[in-house]
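J.: In order, the protein sequences belong to chains G and P. For the first sequence, the residue numbers in the numbering used here are 515 to 924. For the second sequence, the residue numbers in the numbering used here are 515 to 924.
Certain hints may be false.
You can't tell identical chains apart in this list, so a pair holds if it fits in one copy or across any two.
[What the hints assert, rightly or not] Here are the simulated DSSO-like pairs of lysine-lysine, each with C-alpha atoms no more than 27 Å apart in a straight line: (1) Lys650 to Lys582; (2) Lys890 to Lys917; (3) Lys870 to Lys538; (4) Lys890 to Lys527; (5) Lys527 to Lys917.
These aren't lab readings, by the way, just hints derived from the structure by calculation.
There are 2 protein chains.
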Amino acid sequence: MFNETTISQQQFKIIENGSVASAKGFLSGGLHAGLKYKNLDLGWVFSEVPADAVGVYTTNIFQAAPLKVTQESIAVENKLQSIIVNSAVANACTGQQGLDNAYEMRHVFANHLALPDHLVAVVSTGVIGDQLPMDKIKKGISQITLGDSQSKAFEKAILTTDTCIKQVAVELEIDGNIVTIGGAAKGSGMIHPNMATMLSFITTDAHIDQQDLLQALRETTDQTFNMITVDGDTSTNDMVLTLANGLAGNDKLTKTHPQWSEFIAAYMFVAETLAKKIARDGEGATKLIEVHVTGAANEQAAKAISKAVVGSSLVKTAVFGTDPNWGRIICAVGYSDQPLDPAKINVAIGPIPVVKQGLPLVFDEEAAKNYLAQEKVELFVDLADGNAEAIAWGCDLTYDYVKINASYRT
Amino acid sequence: MFNETTISQQQFKIIENGSVASAKGFLSGGLHAGLKYKNLDLGWVFSEVPADAVGVYTTNIFQAAPLKVTQESIAVENKLQSIIVNSAVANACTGQQGLDNAYEMRHVFANHLALPDHLVAVVSTGVIGDQLPMDKIKKGISQITLGDSQSKAFEKAILTTDTCIKQVAVELEIDGNIVTIGGAAKGSGMIHPNMATMLSFITTDAHIDQQDLLQALRETTDQTFNMITVDGDTSTNDMVLTLANGLAGNDKLTKTHPQWSEFIAAYMFVAETLAKKIARDGEGATKLIEVHVTGAANEQAAKAISKAVVGSSLVKTAVFGTDPNWGRIICAVGYSDQPLDPAKINVAIGPIPVVKQGLPLVFDEEAAKNYLAQEKVELFVDLADGNAEAIAWGCDLTYDYVKINASYRT
Chain G
515 MFNETTISQQ
525 QFKIIENGSV
535 ASAKGFLSGG
545 LHAGLKYKNL
555 DLGWVFSEVP
565 ADAVGVYTTN
575 IFQAAPLKVT
585 QESIAVENKL
595 QSIIVNSAVA
605 NACTGQQGLD
615 NAYEMRHVFA
625 NHLALPDHLV
635 AVVSTGVIGD
645 QLPMDKIKKG
655 ISQITLGDSQ
665 SKAFEKAILT
675 TDTCIKQVAV
685 ELEIDGNIVT
695 IGGAAKGSGM
705 IHPNMATMLS
715 FITTDAHIDQ
725 QDLLQALRET
735 TDQTFNMITV
745 DGDTSTNDMV
755 LTLANGLAGN
765 DKLTKTHPQW
775 SEFIAAYMFV
785 AETLAKKIAR
795 DGEGATKLIE
805 VHVTGAANEQ
815 AAKAISKAVV
825 GSSLVKTAVF
835 GTDPNWGRII
845 CAVGYSDQPL
855 DPAKINVAIG
865 PIPVVKQGLP
875 LVFDEEAAKN
885 YLAQEKVELF
895 VDLADGNAEA
905 IAWGCDLTYD
915 YVKINASYRT
Chain P
515 MFNETTISQQ
525 QFKIIENGSV
535 ASAKGFLSGG
545 LHAGLKYKNL
555 DLGWVFSEVP
565 ADAVGVYTTN
575 IFQAAPLKVT
585 QESIAVENKL
595 QSIIVNSAVA
605 NACTGQQGLD
615 NAYEMRHVFA
625 NHLALPDHLV
635 AVVSTGVIGD
645 QLPMDKIKKG
655 ISQITLGDSQ
665 SKAFEKAILT
675 TDTCIKQVAV
685 ELEIDGNIVT
695 IGGAAKGSGM
705 IHPNMATMLS
715 FITTDAHIDQ
725 QDLLQALRET
735 TDQTFNMITV
745 DGDTSTNDMV
755 LTLANGLAGN
765 DKLTKTHPQW
775 SEFIAAYMFV
785 AETLAKKIAR
795 DGEGATKLIE
805 VHVTGAANEQ
815 AAKAISKAVV
825 GSSLVKTAVF
835 GTDPNWGRII
845 CAVGYSDQPL
855 DPAKINVAIG
865 PIPVVKQGLP
875 LVFDEEAAKN
885 YLAQEKVELF
895 VDLADGNAEA
905 IAWGCDLTYD
915 YVKINASYRT
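Let the hints inform the model, and build the full structure from the sequences given.
T.: Okay, structure coming up:
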């Protein structure tokens with residue numbers, strides 16, 4: 515259901531059950547190290563050769579220890595060969611001991627794979643404030659065997675309150691070579707009983723310029739992972755990594771490569787698919803909400819307005835209750851603090867126009883209610899005041915969101 | 515329970531059952547005009563003499579018609595003598611007809627009282643997008659008799675989804691004269707099935723400089739009404755008005771008057787009390803949450819951080835669930851995008867310190883849970899990084915918030 519997209523799919527193909535290990539030379543797996551009661555909790559990704567590596571990280575000032583260590587790893591030569599991820603404990607707000615543990619986790623895993631430390635990224639997600647149980651982490655790492663590559667295990671090992679795994683992969687032809695891009699993600703609430711985090715790992719066998727890839731990651735993140743909201747809480751551990759190992763054998767992709775835009779479309783599709791899967795799996799969510807803003811004065815305004823609408827608790831509860839409350843949409847647009855002319859705005863709930871040039875239309879409430887009962891709800895806001903547009907994704911706000919977040923530890 | 519305050523009460527006295535009509539020369543009342551099924555829905559305030567008038571208005575770009583008309587009234591000579599308020603219909607997103615109706619509502623009421631139009635403020639709160647039923651409004655106005663002054667009726671007539679009336683009044687001695695300040699407010703969700711609005715009306719018999727009063731209103735609003743959040747949605751109809759009719763007979767209050775600060779403390783108390791009553795009556799709320807931020811680098815940072823914490827859905831659900839989830843507090847502080855040193859922060863849940871210098875403390879979870887079970891919950895964040903401080907108020911996020919907002923029209 516999430517294969518619908520805003521991106522033209524003509525130039526790439528979706529790989530059935532594709533994963534973070536679909537691209538040439540990548541392996542991944544996961545096991546139970548004992549941080550969770552019985553679910554998988556330690557995952558890994560490995561590339562047969564060092565890969566160009568780029569990352570974006572949470573803007574939360576309480577950045578967790580593993581993010582610091584991973585950034586240090588990448589800084590050495592902009593390469594990574596492996597990623598180790600634990601769930602259940604975020605290693606955030608853990609001071610010097612937390613930092614020491616993150617270094618040790620990196621070192622133990624690097625040692626296990628006979629890699630230099632700086633080719634390893636270390637990632638944690640889970641409870642804030644607890645120290646990593648290093649005995650369990652080390653024992654778990656010692657049990658990792660690259661031959662046991664099984665992506666489903668990786669996809670499961672990185673989850674916290676998520677209700678489902680999140681993966682995708684696509685392939686396209688570049689310079690006559692098959693290039694594959696795949697990824698896995700986790701994220702449900704931004705944090706949950708102090709459970710942190712939106713994480714995403716994207717791998718590709720493309721040969722690509724590292725600086726251009728970094729810029730592509732940033733721009734893609736701005737249009738995908740940064741356009742989703744579950745509850746507005748930005749965690750201490752959010753991170754998106756991309757590894758490109760070059761094994762596809764294509765000519766080096768740069769912005770001037772004739773197929774650059776094809777690669778970017780495929781890369782964006784992978785990111786957008788993962789982002790939408792995260793939004794749909796928001797804590798307690800029953801629906802994916804997609805807000806389209808068009809005709810904005812500039813892109814920043816389009817983004818801010820679409821995020822204000824999809825983030826509004828009143829819009830989210832209205833969608834949950836299948837109530838075609840366009841006043842809440844208008845209200846959220848209005849407090850987003852962006853340039854617009856109230857007398858020009860048009861609003862539609864799915865296919866049903868409800869506001870034209872700032873004034874309410876008579877519409878079929880029953881049809882609107884039926885539309886809102888669908889599992890994917892699209893809201894359209896046309897500002898008729900420029901050419902910029904944006905899309906944001908979120909989910910409805912339900913009893914279960916309150917239940918999950920109010921009663922977890924009771 | 516809301517008489518506790520951050521303001522020294524030594525210099526003023528709370529009037530039992532005080533109201534918007536406690537100050538000399540003010541009357542108020544309300545009646546059922548038929549906009550609601552059976553509750554009161556049309557309220558009025560009247561001063562025996564024209565009063566200096568100041569207002570602050572929503573920043574939502576879809577400002578409702580009555581706000582435009584009221585601002586026009588005040589602009590004529592900075593005076594008002596009466597206010598007419600209807601609930602049930604917000605007269606927002608109603609175009610030229612809505613504006614015409616607001617003018618007519620003002621004119622009919624002014625005519626009824628034999629006042630010039632510009633001495634009347636017109637206020638609406640309720641469903642966005644519907645036109646005012648002018649027949650009912652006009653018939654209701656024709657039934658208003660100043661002799662029927664009854665503040666409880668006014669307090670009820672302005673409510674929408676509120677569960678209780680919100681009023682307060684205080685008196686203090688200035689220049690040997692008793693000066694009274696009283697007020698009424700409404701507000702529950704920021705909007706609800708398109709029901710708008712936070713409204714507050716403050717009256718005083720003080721003789722006071724109009725420009726200084728305007729500045730005082732702005733500064734007070736920034737520290738009170740602008741520091742509360744129920745769901746983060748700023749309505750199209752928010753308005754705070756203050757009328758000062760001078761009948762107390764004091765020497766004109768200006769910033770250089772020796773008792774200026776006493777008056778301001780009393781005025782601030784009235785505003786803060788009303789603001790807290792609104793926060794506590796947030797849709798579905800069971801608790802008032804008060805977040806104290808101290809040691810901030812500057813006031814703007816203190817305000818932003820306190821509002822981020824009190825507005826966090828995860829903090830709000832944790833308080834509802836009596837879960838001492840300090841990680842969520844830290845996380846909200848961290849994404850507020852303000853200058854601070856993570857290694858200096860101290861956090862307490864009521865009397866219980868939970869984080870010291872950025873690191874978790876061992877604390878009695880049971881005691882913290884018991885504290886969070888109280889009807890008023892205070893959270894303390896000390897940044898130890900400056901001298902600025904702020905307080906923000908909000909409420910817990912409960913099943914009933916979702917219920918109220920998801921199922922109203924179904």
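J.: Could you run down the list of hints and mark each one as holding or not?
T.: To see whether the hints hold, each was checked on the structure:
1. Lys650 to Lys582: within (22 Å within a copy, 65 Å between copies)
2. Lys890 to Lys917: Both: 23 Å inside a copy, 21 Å across copies.
3. Lys870 to Lys538: Neither: 51 Å inside a copy, 48 Å across copies.
4. Lys890 to Lys527: within (23 Å within a copy, 56 Å between copies)
5. Lys527 to Lys917: neither (40 Å within a copy, 43 Å between copies)
Hint check: violations occur at hints 3 and 5; the rest are consistent with the structure.
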